[in-house]
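Number of protein chains: 2
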Amino acid sequence: MKLSKLVGERLKEVPNGAILKSHIYLIRAGYIKQVSTGIFSMLPPAQRVSEKIQNIIREEMNKIDGQEVLFPVVMPRELWEMSGRYNSIQEELLRFKDRSGHDMLLGMTHEEAAVHMAMNTIKSHEQLPCMIYQIQTKYRDEARPRGGLIRVREFLMKDAYSFHTSQEDLDNYYKKAYDAYNRIYKRIGLKNFISVRSDSGIMGGKVADEFMLVTDAGEDRLVLCDKCGYKANMEVAEGKKEENTLKEVQEIEEVFTGNAKTIEEVCHFLEIDPSNTVKAVCYVTEDDKLVVAFLRGDYDVNEKKLAKLAKSEIKVADTDKFNLVAGNIGCVNLEVPEDAMVFYDTSIMGLENFVTGANKEDYHIRNVSASRDLKDVTFNDIALVKEGDRCPVCGEKLRLTRGIEIGNIFQLGTKYTKSMGMKVSMPDGSMSEPIMGCYGIGIGRALASVVEEKADDKGIVWPMTIAPWHVHFCPLRLDDENVEAVAYELYKKMEDAGIEVLFDDRKVSAGVKLTDSELMGMPIRVVISPKTMANGVAEVTMRENGETNFIPLSDLLSELKIMIADEIEEIEK
Amino acid sequence: MKLSKLVGERLKEVPNGAILKSHIYLIRAGYIKQVSTGIFSMLPPAQRVSEKIQNIIREEMNKIDGQEVLFPVVMPRELWEMSGRYNSIQEELLRFKDRSGHDMLLGMTHEEAAVHMAMNTIKSHEQLPCMIYQIQTKYRDEARPRGGLIRVREFLMKDAYSFHTSQEDLDNYYKKAYDAYNRIYKRIGLKNFISVRSDSGIMGGKVADEFMLVTDAGEDRLVLCDKCGYKANMEVAEGKKEENTLKEVQEIEEVFTGNAKTIEEVCHFLEIDPSNTVKAVCYVTEDDKLVVAFLRGDYDVNEKKLAKLAKSEIKVADTDKFNLVAGNIGCVNLEVPEDAMVFYDTSIMGLENFVTGANKEDYHIRNVSASRDLKDVTFNDIALVKEGDRCPVCGEKLRLTRGIEIGNIFQLGTKYTKSMGMKVSMPDGSMSEPIMGCYGIGIGRALASVVEEKADDKGIVWPMTIAPWHVHFCPLRLDDENVEAVAYELYKKMEDAGIEVLFDDRKVSAGVKLTDSELMGMPIRVVISPKTMANGVAEVTMRENGETNFIPLSDLLSELKIMIADEIEEIEK
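Listed in order, the protein sequences are those of chains D and R. Just so you know, we're using the numbering used here here: the first sequence kicks off at 429 and counts up by one. Just so you know, we're using the numbering used here here: the second sequence kicks off at 429 and counts up by one.
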């Protein structure tokens, strides 16, 4: 490809509002162009990367017996009513009417379409297990698209759906899919990725794993143990809390705290540390029962854990409705309705002489003692892990970091086959709903994640396996007839040899050429100039580490082919 | 691929309402499944065909320097307002609001997105010509989807857009694209296709060619000359009309025709032939001017031709509004408003003693003479070609047939670059809007067209180049241990040798296996059975012509590889 003809331009300026490296460089280097909020066009180099990623994914899906299909982007309301999702999903599901007034929607995932395809075409246990997958455009009406290709509204996604006759069979297949995902990320050149067991959220079902690129730029909070490898999404992470120090128990006394309501205000007023307090956070369940959570003042509620204990979705309560004194709620002599639930976090275990609300305006009490005043209480872990907590497995200090979700796999159970009425005949002659798994990976986000992980301060650094071109060929001084002749000859030879080469055939300065090549990020840069030609060599530089070698022109083709093959092997091994 | 695990079922019944062969067989053979009106899922075998077609198209687009990109399915109103199409396109453009109330739409073509991508990234004539293309899902809110994949609402389409500095350059490129299209159809195995110069309709612009699969099942009417190769879409076709016989001119006389209004009724009443009459058809222009078209009674108006002469879109007029006597309008003494336009078809030239309306209720006049009564009139061709008309080039009788549009290419001119404000610097330093071409081909329709052309009464017949699998392997009597052992061994060997094979591993009757293989349409069927094995051979049958050979098992792999390669070469040569 000649750079002079390549559609796309290189920009010096950081695009407005762009913070993530991948967002900045993909726009600056001419890979993507925004068409609307969270909606992008892919320019030719990005499309090349995307196709290479798709092919790697296809190979891995086919290896685990996946059958590629294509579901529609536009689906009718009826299909999604069968599963109940037409009503249960909020505004991120884009609904519209077609010209005849029929309710339609834009697919954000395709569980319903997958079951629709499998229904009646898979009739017997003998046809199972089977997995179907597609690579198709999806639309999710995100409220806050951000970060270029990281959080978009329209995206290309590989989604796969498997069907099984037993949980055991699903477990086996799930493991295979898990391994395939790890191979995919490795093969597209990611290094710093992990998987975490996660809450499966909107998708229903039980076991789920999220694959995460570990990066400070991520939206998801992660809890890692660098010693034993424990890793979890903050939503489900457990941490061993520091044990509370034994103290001599003192008498409870009421203390005036006036307008001091938050833990911060109370601690400031009483000149104590939050770890010497117990705070309350109040929620209501779906059927409006009160849920009170008590935690040591330096911990925050993990709402997922709390919801699980309360066996209901929860939202923050209006304390007035329950006659509670907001800001002065305490764990001694709290009066709550009979059907209320009160939970105590494990951070309170063994805590002595602490401050908590007096359950009346303007007052707290001090010298409360867990061993004396909460002795019949059951403690549960309902807190978010915090800095300083220790690994629940090995006891090492946990590391809190962030990640970008780059894929996820779920055990769906029979949620969709049951609701949609799909059954297959079992070996014993009975009819039964197959158990499903589903497996998603966004192509654009995977592409952006590679940029996010590998880019340096000069631009993108592509791994050889998915680089748009293997070689960026920069002949300097193309106005020199000798350079020009050799350059065009070399370009032709590289192409003929099957080397994917981007040829900077512009008559521009060396500075512009080299800067552009670093910005665009091909793994190998080949420079020739009157000077290198005088020595009969080309200057060959690896984008990743800047390592430069001078290679005799006569060996260039064979050397490049070896370098490319070696690099791909190194990544995929 | 083992047939027992393949998602999809073979059906005996013709699906409800299906008429086209492709519709019937694609459903019956388990290739597609309807999700909503005009919206289908592609099952694994169809997806395999689709990908092969896509790859052939990619190769041909890359050969003419196409750069693959990806535009979004969902686009904002603003982009389509720039070109004016947001308002000019009727209900087939699906419009909706996103969650923030913003007007969005589903792309049915991507001229706007292409110019949006090229704007600012193509700045100089030096970057031209260039062509960008994508293969992406489109949605067109068709009022009447029909025929399976032939006329759908959602479809995968390759659309390409080229940019040029001069008409000459566009002409050159257009010719290349034209040739590429011919290669594509040839390579996917079509034989009976033609291209016709067409009216470019909704797309604007000037020159356009439609590629048509010639088939009685088509929606488009075609006019062909089997002698000289003249071919045209009915909308623009010209035909030499039979010359009217010279007759002695007689005196005009009024004749009572009462309620006889249509040509059929009048001819029946007067016992004359429609070719001895002249009828009127009335239209109005966009600015409500009357347009009257006179034609010999056995011809019909070609509205495209008439609109071109009237220099306006036209629609059928309300004759009352113009004080015309519907059913009695005639070409003598017709009173029309001053700004009305009256056109006379060439079929009237030299017509003597004919009947036409008397321009008053209940009466016609007869013995009207073109040479006497219409002597100052200009005759234009405003008629649809009809059976019996002759080739405008060589004079041979024309053949009227039908076709399915399988692709089209357009010269767009500067319609989009002008309206959207895209300019590039020209060699003389001036700024100018590039001239565009666009080139579309629907993947699903191409797939269905191949089925439509090649299917026989047993099912689908795939060309080797796009068949889902090359070989359908049917071991009969898999309950026989010897057959089973040899079958699985052969299957493995075929796969290892890179032969794409669908292995019917089911323990079902020979009848079911052979019927299914004919329905599904792989080019080569390989049968083994206790009987063939006793002779050490396999029975190898070509789906297309039923030709059967018995090939020694020891030679089977090498023979199959040769057959496959030969067949592909034969199609692509």
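Hints were generated in silico from the structure; no laboratory data involved. Here the structure is a predicted model, which is why all the values come from computation and not from measurement. A portion of the hints provided could be inaccurate.
Since the list gives no way to pick out one identical chain from another, each pair is judged satisfied if it fits inside one copy or across any two copies.
As the list claims (entries may be wrong) - DSS-like, lysine-lysine: derived pairs with alpha carbons at most 25 angstroms apart: (1) Lys689 - Lys743; (2) Lys851 - Lys440; (3) Lys619 - Lys655; (4) Lys935 - Lys551; (5) Lys551 - Lys433; (6) Lys525 - Lys566; (7) Lys851 - Lys433; (8) Lys430 - Lys603; (9) Lys491 - Lys749; (10) Lys989 - Lys614.
Inset, instruction - Output the numbers, in ascending order, of every earlier hint that fails for this structure. - result: 9
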